[in-house]
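Guided by the hints, dock chain R onto chain V, whose structure is given.
Going line by line, the protein sequences match chains V and R. Using this note's numbering, read the first sequence as starting at 1 and increasing by one per residue. Using this note's numbering, read the second sequence as starting at 1 and increasing by one per residue.
Read the hints as simulated data drawn from the structure, not as lab findings. Everything numeric in this text was worked out from a predicted model, so none of it was measured. Backbone N, C-alpha and C define an ideal beta-carbon position, used for all residues, glycine too. Don't take every hint at face value.
[Claimed, not checked] The following residues of chain V were derived to be distant from chain R, with all beta-carbon distances above 10 Å: (1) Pro40; (2) Arg41; (3) Pro57; (4) Gly97; (5) Arg139; (6) Gly142; (7) Phe158; (8) Gly171; (9) Gln188.
[Unchecked claim] 27 Å max Cα-Cα, derived DSSO-like pairs, lysine-lysine: (10) Lys176/V / Lys149/V; (11) Lys127/V / Lys219/R; (12) Lys203/R / Lys90/R; (13) Lys219/R / Lys149/V; (14) Lys96/R / Lys219/R; (15) Lys213/R / Lys90/R; (16) Lys176/V / Lys127/V; (17) Lys90/R / Lys149/V; (18) Lys393/R / Lys203/R.
[Stated by the list, open to error] One side of the interface only, derived from the structure: several residues of chain R facing chain V at Cβ under 7 Å: (19) Gln141; (20) Ala145; (21) Leu147; (22) Tyr148; (23) Asn149; (24) Leu536; (25) Gly537; (26) Ala539.
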Amino acid sequence: MGNTGRLSRQDRALLVAGLILLGGGRAAAATCPDPAAIRPRLGAIPFTQVRTIQGLPRALRSEGIARIEPARVTWTVLRPFATETVITPRGITQSIGGQAARPAAGAALDPLMRSSGLFELLTGDFKALSRFYAIHTERTDGGWRASLKPRDGGMARFISGIEIAGCTEPGNVEIKQANGDSMVITWQPRKP
Amino acid sequence: MAAAQAVSVRALRGLALVYGLILIAAFGFTSLRLMSPTAIQSDVQDMLPSNGIDPIVRAAILKAGLATSNRVIFSIAAPQPGAAAEAAEKLAALLKQGGLFVEDREDGEATARWLFANRNELACETGERRFGQAEGRAVAQESEAALYNPAAPVTAALLRQDPFFLTMRLGACLAPRPGNDGSDGVILSGRLTRSAFRTDVQKQVITAFEAWKVAMAPKGVTVARGGGVFHAADGARTAERDMSLVGLVSAIGIVLLLVGVFRRVAAIPYALLVVFAGATGSLAASFALFGSIHVLTLVFGFAFVGITSDYAIYYLATGPLTGWAPLARRRGLIFRSVTLCMSTSLLGFGCLAGFRIGVFSQMAVFAVAGLISAWGCAFLLLPPIERMPAPGKAGRLIAWWGRLEGWSLGIRPRWLTIPLLAGSAILIAMAIVYHPTTDDVRTFSRPSADLVRDEAVIRARTGIDMSPDFLMSWGADGHAARRREASLIGRLPPADAATLTALSRFDPPPERRADNARRVHDYLIRPFLAARLALLGVAADPQAAGAPVQLPHWLADLEGQQAGRSFVIAPIPQAIEAAVRAAAARTPDTIFVAPAEIYTRAFADLRRGAATAVVVAIGLLGAALLLIYRTPRALVILVAPILGGACGLAASLALDIPLSFFSIMGLFVIFGTGVDYSILHWEAARAGQNGANLPVLVTAISGILALGMLALSHSYPVRAFGIVVAVGLFVAYYFSAGTLSMLRGQDEHHAH
Numbered sequence: 001m002g003n004t005g006r007l008s009r010q011d012r013a014l015l016v017a018g019l020i021l022l023g024g025g026r027a028a029a030a031t032c033p034d035p036a037a038i039r040p041r042l043g044a045i046p047f048t049q050v051r052t053i054q055g056l057p058r059a060l061r062s063e064g065i066a067r068i069e070p071a072r073v074t075w076t077v078l079r080p081f082a083t084e085t086v087i088t089p090r091g092i093t094q095s096i097g098g099q100a101a102r103p104a105a106g107a108a109l110d111p112l113m114r115s116s117g118l119f120e121l122l123t124g125d126f127k128a129l130s131r132f133y134a135i136h137t138e139r140t141d142g143g144w145r146a147s148l149k150p151r152d153g154g155m156a157r158f159i160s161g162i163e164i165a166g167c168t169e170p171g172n173v174e175i176k177q178a179n180g181d182s183m184v185i186t187w188q189p190r191k192p
Numbered sequence: 001m002a003a004a005q006a007v008s009v010r011a012l013r014g015l016a017l018v019y020g021l022i023l024i025a026a027f028g029f030t031s032l033r034l035m036s037p038t039a040i041q042s043d044v045q046d047m048l049p050s051n052g053i054d055p056i057v058r059a060a061i062l063k064a065g066l067a068t069s070n071r072v073i074f075s076i077a078a079p080q081p082g083a084a085a086e087a088a089e090k091l092a093a094l095l096k097q098g099g100l101f102v103e104d105r106e107d108g109e110a111t112a113r114w115l116f117a118n119r120n121e122l123a124c125e126t127g128e129r130r131f132g133q134a135e136g137r138a139v140a141q142e143s144e145a146a147l148y149n150p151a152a153p154v155t156a157a158l159l160r161q162d163p164f165f166l167t168m169r170l171g172a173c174l175a176p177r178p179g180n181d182g183s184d185g186v187i188l189s190g191r192l193t194r195s196a197f198r199t200d201v202q203k204q205v206i207t208a209f210e211a212w213k214v215a216m217a218p219k220g221v222t223v224a225r226g227g228g229v230f231h232a233a234d235g236a237r238t239a240e241r242d243m244s245l246v247g248l249v250s251a252i253g254i255v256l257l258l259v260g261v262f263r264r265v266a267a268i269p270y271a272l273l274v275v276f277a278g279a280t281g282s283l284a285a286s287f288a289l290f291g292s293i294h295v296l297t298l299v300f301g302f303a304f305v306g307i308t309s310d311y312a313i314y315y316l317a318t319g320p321l322t323g324w325a326p327l328a329r330r331r332g333l334i335f336r337s338v339t340l341c342m343s344t345s346l347l348g349f350g351c352l353a354g355f356r357i358g359v360f361s362q363m364a365v366f367a368v369a370g371l372i373s374a375w376g377c378a379f380l381l382l383p384p385i386e387r388m389p390a391p392g393k394a395g396r397l398i399a400w401w402g403r404l405e406g407w408s409l410g411i412r413p414r415w416l417t418i419p420l421l422a423g424s425a426i427l428i429a430m431a432i433v434y435h436p437t438t439d440d441v442r443t444f445s446r447p448s449a450d451l452v453r454d455e456a457v458i459r460a461r462t463g464i465d466m467s468p469d470f471l472m473s474w475g476a477d478g479h480a481a482r483r484r485e486a487s488l489i490g491r492l493p494p495a496d497a498a499t500l501t502a503l504s505r506f507d508p509p510p511e512r513r514a515d516n517a518r519r520v521h522d523y524l525i526r527p528f529l530a531a532r533l534a535l536l537g538v539a540a541d542p543q544a545a546g547a548p549v550q551l552p553h554w555l556a557d558l559e560g561q562q563a564g565r566s567f568v569i570a571p572i573p574q575a576i577e578a579a580v581r582a583a584a585a586r587t588p589d590t591i592f593v594a595p596a597e598i599y600t601r602a603f604a605d606l607r608r609g610a611a612t613a614v615v616v617a618i619g620l621l622g623a624a625l626l627l628i629y630r631t632p633r634a635l636v637i638l639v640a641p642i643l644g645g646a647c648g649l650a651a652s653l654a655l656d657i658p659l660s661f662f663s664i665m666g667l668f669v670i671f672g673t674g675v676d677y678s679i680l681h682w683e684a685a686r687a688g689q690n691g692a693n694l695p696v697l698v699t700a701i702s703g704i705l706a707l708g709m710l711a712l713s714h715s716y717p718v719r720a721f722g723i724v725v726a727v728g729l730f731v732a733y734y735f736s737a738g739t740l741s742m743l744r745g746q747d748e749h750h751a752h
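The following block holds chain V by itself, in its conformation from the complex:
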């Protein structure tokens, strides 16, 4: 059995590795800036969107590329079929199969959409998001997690909360709807 009062070589190695990992993780968390201080992401970012609707047997999955610019987000879905949705702080239009852009379905809810902070959500602009949501941030092993609750009473009837995880830039977004539906946007690594 060996001496029970002393750690084996293997145990010591594991302990050191664990300490390194632990120390390294803490060190990584310490290098993740506050979400309010990070800059919005820009550029072309691939994404995967999974929409789970309560009562439907399978989720709706789409893939595409989001082109994020300071004043607009072009949400291009490539699969299952091509659509291009342009989201700005002022409104949302949609083009299907290369046709002319028209107000998107739900555009009649534009005033509501304008209080959703959708544009700011997709760009990860936390400073601007605080206008629309009460934000609670907590540190995690990988970085931070922000929980957002809508300030607007009308929006709160549709969205119960939003979770965003990240570190040096905004990460995946999970939108939880008041009726139990949810939508998860997962950013994929950018192509070199």
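Relative to chain V, chain R alone:
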């Protein structure tokens, strides 16, 4: 003889008692009625004549007026994020107290339920354009894209029943939606559940709004508001200010007049008693017959009632004239002449009832009841309660009266008569040649500059147009009316048609519904449903019938019935007015209605009709005079009021106020009151009495103070009326004794 006199005294006391009891009962009834919030109305549509306008158009105007006048809208902005929305929530909560206000958001939910229930039978396409293959493919694609759109509100329940989101598509193309100019402001809009023309509703809305503004001011919240209730409240405030100003000036003037002439402060309560009796009779009769009184009736009505003080003046004048003789002699001195005056006044004011306009019928009842009640008070109540002055004072009062009588004759020098006649003739001739008229109701009252500015802000921010104009379509029943409306809309360019909120688009006639349902099935459901359900992994029957849903309240307000016909109305934005007018000209059983144009035409007809009625009234008065006096020379009594009326109109023109219906209305007062002056002089001459001039002068001045002061009103119609009356009464007074003394001079000449 003594027994007959005793019986007569007892009979008069009995009559006085009965009259007093009736007056007390009338006062009690009026007081109770005035406590009701619906006692006073301010709806301008009550001035719309009941004839001269097609009944179905009138009904549509009333319905459209209610639908638009009960709308309220606020555009709220704030510097802090979320503060505008929070402020809007607070304002909505205040307005909703007592169930007074329903937000469009709540109506929007009812509309959404309607659209959902009828989603397979409605279409965005209008006229000959139909839902076809291209539309079906587009709907299928757009709805599939919406499944992946992070902004689209999608639920499983919706997908099972409306997998192609037809409800959302219809909501986007049919339902009115406020636009925005990109500002961060919030729009709060909705409708009042009670009439905006009720004073209690106006008070509740204004009080809530003002309190909210004060509370929000420290947060930098700004607001622009629009709605009929604000215009109505502004109009009511103006009318109240006018009544207060006119009432105050009249009251002060009449008080000074009475004290100056009778040198007894007691003359004031005596005159007030008669005025009170007149007002009580007016109000009681009006409430009993109509239930409520229009505010315009009150403005004119209290001015009419000011004339009732004349009866008190005539009786009080018999005191110094007779040296305070016994009551029977004093009554006997004026009973016949004052009763004749009252009768001719009743004839004059009673003609107002002939116009078949709600508010003018009220004025006729108001004036007639008031005159009769005041006459009764002057002869039954006033004589027994008047306290005689002490003998020493009575002598001084008689002497003062004599001095005033002499002075009053001096202010009407005979040498001025001819030049004044000549000048009047010239003015009248000019007026006959050049007589601008105005009947445009938009010039009758100026909307508040604040409200106009706010509505411009709302239009700029939201695109919402609060125009009162509308399209009316009619038919034998509701379906036929909808067909007409749909036919007209089909003639409009699609972009114009898209801006219309029309009942036929939300609730089409049966044949259109059936056609829409067939097309949705053939071009959308049949080719695309299977693939959609496979994608979603559910089973569904999107065309299964659901529970019936009631037409939303705001849509139901767009239709009505009148004279056995059904009609529907559609508000028309100013931007497409020309296109709709052109289309209505080509579409049978449809008409573009601009209420202001209808009212203007109606008032032009009224003006012409009123002028005819004045001529008829003169004829009736002449016939009455011939009947009473049985000599054609009695017609000279009409000369002074005719001259007064003509000069009143000419003076109005000279002051750059075009003639209108309200100017003609002033002539009724001149003939109703001015003819009294001539009658009193005539009766005095018949009885061989002197001393009629001073009472007539005092009543003329009090009439000018009571009615002529309306020339100070902010309201154009009231101001025009006041000027005609002020000048007309003066001229009627001036010539009342002059024409008769000329006649007497002629008699003396013939006698010699």
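### Query
Checking against the hints above, which ones are violated?
Going through the list in order, the structure violates hints 3, 4, 7, 18, 26 and respects the others.
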